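Okay, so the sequence shown: first residue is 1 according to this note's numbering, each after it adds one.
Do not take every clue at face value.
Simulated restraints on C-beta separations [unchecked claim]: (1) Asp60 <-> Gly40: 15 to 23 Å; (2) Glu78 <-> Glu44: 17 to 25 Å; (3) Pro77 <-> Asp52: 28 to 36 Å.
In short, the hints are calculated from the structure, not lab data. No experiment lies behind these values; they were computed from the predicted model shown. C-beta: ideal position from N, C-alpha, C; glycine also.
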Amino acid sequence: MEKDSKEKRDKLNEVLQRAVALQYDIEVDNAPKVVAKGQGRVAENIIEKGADADVRVYKDEKLVDSLFGLQINEEIPEELYQAVAEIIFYIYNVDGKRGMLDGL
């Protein structure tokens, strides 16, 4: 009985997990854009592929909620610029690429 309960809980957690991948090419894009999104196993795959490619994962459920409604290749709306910019700044600092942010 307990095993069934754990399996149901694991399935529910899997369904609730969501991920959104962003890409930003300063020379091409006006703003970061959604390049992948999904929930459950798709979200896990997005996170795994990112990790395999040495892409940093940043967990922010509220931001994922806001980004999840966007379409693939859609740029983020202006009201999310600040939140996404803070994540980019954080990642560049962690990766030691702070100098790359000069002039942004």
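Results of checking the hints against the structure:
no., hint, result
1, Asp60 <-> Gly40: 15 to 23 Å, "19 Å, holds"
2, Glu78 <-> Glu44: 17 to 25 Å, "31 Å, violated"
3, Pro77 <-> Asp52: 28 to 36 Å, "29 Å, holds"
Going down the numbered hints, you'll see the structure goes against just number 2.
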